[in-house]
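Asks: Residues per chain are reported as follows:
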Amino acid sequence: MTRGQGVLRGHGLLLRRAQRRILDGVDLALAPGEILALLGANGAGKTTLLRCLLGLLKPHGGTVSLDGTSLATLSRRALARRIAYVPQAHVAPFPYSVREVVGLGRLPHHGPFAAPGAADREAVETAIAQLGIGALAGRPYTELSGGERQLTLIARALAQGARILIMDEPVSGLDFGHQMRLLACLERLAADGYGILKTTHHPDHALACASRVALLQEGRIVADGTPTEVLTTDAIRRLYRVEVEILRSPAGRSAFVPAG
Amino acid sequence: MTHPLAQPSPTHTAGAPRRGAFALLPALALLLGAVTLVALGSGRYPLNATDVLRFFASAAGAPSLDPERHDLLYNLLVEIRLPRVLAAILVGAALAVSGAAFQGVFRNPLVSPNLLGVLSGAAFGAAAGMLLGGSWLLVQVSAFACGLAAVAIAVTIARTFGQGSLIMLILGGIVSGALFAALLSLVKYVADPYNELPAIIIWLMGSLASVHIRDVLWVSLPMGLAIVALCAAGRWLDALAMGDDEARSLGVPVGTVRYMVIGCATLLGALTVSLAGMIGWVGLIVPHVARLLCGPGHALLLPASALLGASFLLAADLLARSLTGSEIPIGIVTELLGIPVFLLVLHRARNGWGR
Numbered sequence: 001m002t003r004g005q006g007v008l009r010g011h012g013l014l015l016r017r018a019q020r021r022i023l024d025g026v027d028l029a030l031a032p033g034e035i036l037a038l039l040g041a042n043g044a045g046k047t048t049l050l051r052c053l054l055g056l057l058k059p060h061g062g063t064v065s066l067d068g069t070s071l072a073t074l075s076r077r078a079l080a081r082r083i084a085y086v087p088q089a090h091v092a093p094f095p096y097s098v099r100e101v102v103g104l105g106r107l108p109h110h111g112p113f114a115a116p117g118a119a120d121r122e123a124v125e126t127a128i129a130q131l132g133i134g135a136l137a138g139r140p141y142t143e144l145s146g147g148e149r150q151l152t153l154i155a156r157a158l159a160q161g162a163r164i165l166i167m168d169e170p171v172s173g174l175d176f177g178h179q180m181r182l183l184a185c186l187e188r189l190a191a192d193g194y195g196i197l198k199t200t201h202h203p204d205h206a207l208a209c210a211s212r213v214a215l216l217q218e219g220r221i222v223a224d225g226t227p228t229e230v231l232t233t234d235a236i237r238r239l240y241r242v243e244v245e246i247l248r249s250p251a252g253r254s255a256f257v258p259a260g
Numbered sequence: 001m002t003h004p005l006a007q008p009s010p011t012h013t014a015g016a017p018r019r020g021a022f023a024l025l026p027a028l029a030l031l032l033g034a035v036t037l038v039a040l041g042s043g044r045y046p047l048n049a050t051d052v053l054r055f056f057a058s059a060a061g062a063p064s065l066d067p068e069r070h071d072l073l074y075n076l077l078v079e080i081r082l083p084r085v086l087a088a089i090l091v092g093a094a095l096a097v098s099g100a101a102f103q104g105v106f107r108n109p110l111v112s113p114n115l116l117g118v119l120s121g122a123a124f125g126a127a128a129g130m131l132l133g134g135s136w137l138l139v140q141v142s143a144f145a146c147g148l149a150a151v152a153i154a155v156t157i158a159r160t161f162g163q164g165s166l167i168m169l170i171l172g173g174i175v176s177g178a179l180f181a182a183l184l185s186l187v188k189y190v191a192d193p194y195n196e197l198p199a200i201i202i203w204l205m206g207s208l209a210s211v212h213i214r215d216v217l218w219v220s221l222p223m224g225l226a227i228v229a230l231c232a233a234g235r236w237l238d239a240l241a242m243g244d245d246e247a248r249s250l251g252v253p254v255g256t257v258r259y260m261v262i263g264c265a266t267l268l269g270a271l272t273v274s275l276a277g278m279i280g281w282v283g284l285i286v287p288h289v290a291r292l293l294c295g296p297g298h299a300l301l302l303p304a305s306a307l308l309g310a311s312f313l314l315a316a317d318l319l320a321r322s323l324t325g326s327e328i329p330i331g332i333v334t335e336l337l338g339i340p341v342f343l344l345v346l347h348r349a350r351n352g353w354g355r
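Top line first, the protein sequences correspond to chains A and B. Going left to right, the first sequence walks through residues 1 to 260 as our numbering numbers them. Going left to right, the second sequence walks through residues 1 to 355 as our numbering numbers them.
Please note that the accuracy of each hint is not assured.
[What the hints assert, rightly or not] Derived DEER-like restraints, expressed as beta-carbon distance ranges:
| id | chain 1 | residue 1 | chain 2 | residue 2 | range |
| --- | --- | --- | --- | --- | --- |
| 1 | B | G33 | A | F113 | 25 to 31 Å |
| 2 | B | A145 | A | D192 | 16 to 22 Å |
| 3 | B | L138 | A | G61 | 54 to 60 Å |
| 4 | A | R238 | B | F161 | 37 to 43 Å |
[To be verified] Here are some chain A residues the structure puts well away from chain B; computed CB gaps all over 12 Å:
| id | residue |
| --- | --- |
| 5 | K46 |
| 6 | T47 |
| 7 | G61 |
| 8 | R77 |
| 9 | V86 |
| 10 | V101 |
| 11 | A162 |
| 12 | T233 |
Because the hints were derived from the structure by calculation, they are not lab data. If you're wondering where the values come from, they're calculated on a predicted model, not measured in any experiment. Virtual Cβ for every residue (Gly too), placed ideally from N, Cα, C.
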């Protein structure tokens with residue numbers, strides 16, 4: 001299977017809903033090996049942008065392309081083998097086991113009418129091992145904690161074989177330890193060549209774990225660059241309308257704290 | 001990986017994989033076979049399982065019965081009992097599969113096949129057919145057509161007001177079900193209280209007593225096709241249970257699959273009413289019991305529900321015709337049987353809708 005480079009690019013994305021421009025000419029690209037953090041206030045259009053980039057929502061203007069091919073020309077199944085969606089951890093209505101949930105990632109490969117084969121089972125076990133959730137594999141997904149559910153959904157994305165991961169607030173609802181471990185996991189995946197786009201509400205997480213940061217405000221990308229370039233106290237003040245100052249640890253890490 | 005991300009809580013028991021899950025289907029098929037033998041042997045002229053088996057062996061070519069006895073058994077088994085047994089198997093399997101498919105597509109384990117109003121519509125259609133003094137064929141066709149119409153109304157409401165979202169489908173089903181329930185009341189009100197009304201009420205309670213082999217063979221083809229189509233869509237239903245966006249990102253054509261499943265399940269529901277009247281609870285409880293046996297994966301759950309539903313309705317029909325000297329409507333039996341079974345399921349499933 002030829003994978004190409006795996007560059008996902010949204011160009012001039014325009015989306016209106018009830019006369020309001022949710023996206024107003026968004027340009028955003030994601031390259032392999034990158035962790036791109038997308039920040040924006042509530043209602044800035046983050047989720048809408050994510051859904052456009054996943055091909056779930058057709059923009060009213062502009063294009064989304066994968067290595068130069070428009071998403072609109074790719075079948076859903078072909079797309080599912082290239083781009084994986086990691087939603088926020090949710091509650092499933094039925095008690096699927098963790099292994100069954102991860103196995104759903106193989107659906108675009110074996111198709112709906114065939115049983116999963118040996119290659120599919122191997123991909124599932126590899127993904128489970130990669131995220132270190134082997135001990136959970138037989139447990140019902142419905143009985144897991146939020147963090148464990150999030151790990152299961154990431155494992156499903158890896159089993160999908162896609163090299164582009166689109167994550168909607170992957171660390172929301174996780175305790176501090178799970179957050180830190182998850183961010184470290186994302187860094188390892190990026191080092192392996194996965195391209196990761198994640199939305200986040202925490203500028204600190206973008207500072208700690210992102211190779212690029214984009215700020216979305218009123219449907220436009222107002223800044224796009226390295227974390228240190230983009231995440232200034234001024235930018236945070238404009239984005240969230242709060243006063244902050246930046247602290248730097250002796251080890252070179254930074255974090256925002258309320259000013260005054 | 002050196003640092004496992006997950007820190008499993010110490011209390012959990014390492015879950016056993018659902019080992020031997022596919023051995024379940026042969027086991028359920030055997031159960032159905034056993035119940036079928038008992039059902040064929042039961043009645044005013046009881047036969048034991050060996051008699052039944054010996055008859056079918058001789059019908060298949062082994063000449064082990066004397067002709068007179070063969071003729072007697074042929075009349076008893078093939079002409080009297082077999083149509084009813086086949087109808088119970090078909091209706092039970094159809095109701096259970098359509099219930100399981102509805103629960104999957106609506107992501108809710110409490111959904112019954114009547115969610116979009118198919119049974120209400122079909123009940124009205126049958127009652128209206130009887131009121132018009134129609135033939136048996138008219139009653140069946142009218143039940144079937146009104147069942148489809150009720151679901152078409154629900155789907156149209158959902159597409160007109162809510163872009164076909166799940167919640168609008170459910171609300172559309174409530175509206176459509178209420179409409180046909182009101183129309184059914186109207187039919188009952190204007191029906192002649194001495195002949196038509198009792199006939200309508202008895203028919204609505206459900207019965208397999210008056211099915212003809214011709215009807216059974218006639219509906220078995222569309223029912224069989226719809227059951228097979230739903231079973232084939234099992235893996236899609238698993239993805240759909242995760243949510244529309246996720247299912248799409250897993251390569252599932254969500255809209256097509258949803259309407260295909262609703263279409264097949266509606267067809268099954270309407271056909272069961274036209275064959276046997278209103279039979280409640282099967283579509284709700286059988287998928288639950290099946291889920292306890294084989295887990296929630298629809299690829300296994302749907303065929304398991306079909307086999308279990310067939311056995312359940314066959315057993316219910318056996319009770320309906322043998323508990324008392326005269327028949328009890330089977331709808332009453334399934335409701336009475338269904339309640340304790342459902343309580344048992346609730347007891348087992350307190351922690352999540354679980355195994």
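Asks: Now tell me, hint by hint, if it's right for this structure.
Replies: Verification of the supplied hints:
1. One distance hint, 25 to 31 Å for the beta-carbon pair B/G33 and A/F113, holds here, with the actual separation near 27 Å.
2. Separated by about 58 Å at the C-beta atoms, B/A145 and A/D192 break the suggested range of 16 to 22 Å.
3. For B/L138 paired with A/G61, a C-beta distance near 56 Å keeps the hint of 54 to 60 Å intact.
4. For A/R238 and B/F161, the hinted distance range of 37 to 43 Å is satisfied, since their beta carbons lie about 40 Å from each other.
5. Every CB of chain B is more than 12 Å from the CB of A/K46 (nearest about 14 Å), matching its label as outside the interface.
6. Non-interface call for A/T47 relative to chain B: violated, since the shortest CB-CB distance, roughly 10 Å, does not exceed 12 Å.
7. The beta carbon of A/G61 is kept farther than 12 Å from every beta carbon of chain B, the shortest such distance being approximately 21 Å.
8. Chain B draws A/R77 into its interface by the beta-carbon criterion, the shortest separation being 4 Å against a cut-off of 12 Å.
9. The claim that A/V86 lies off the interface is violated: its Cβ sits roughly 9 Å from the closest Cβ of chain B, which falls inside the 12 Å cut-off.
10. Consistency note on A/V101: stated as away from chain B, yet its beta-carbon is not over 12 Å from all of that chain's, at 8 Å minimum.
11. Separation of A/A162 from chain B is inadequate, the least Cβ-Cβ distance of about 9 Å not exceeding the 12 Å criterion.
12. No beta-carbon of chain B comes within 12 Å of the beta-carbon of A/T233; the shortest separation is about 32 Å.
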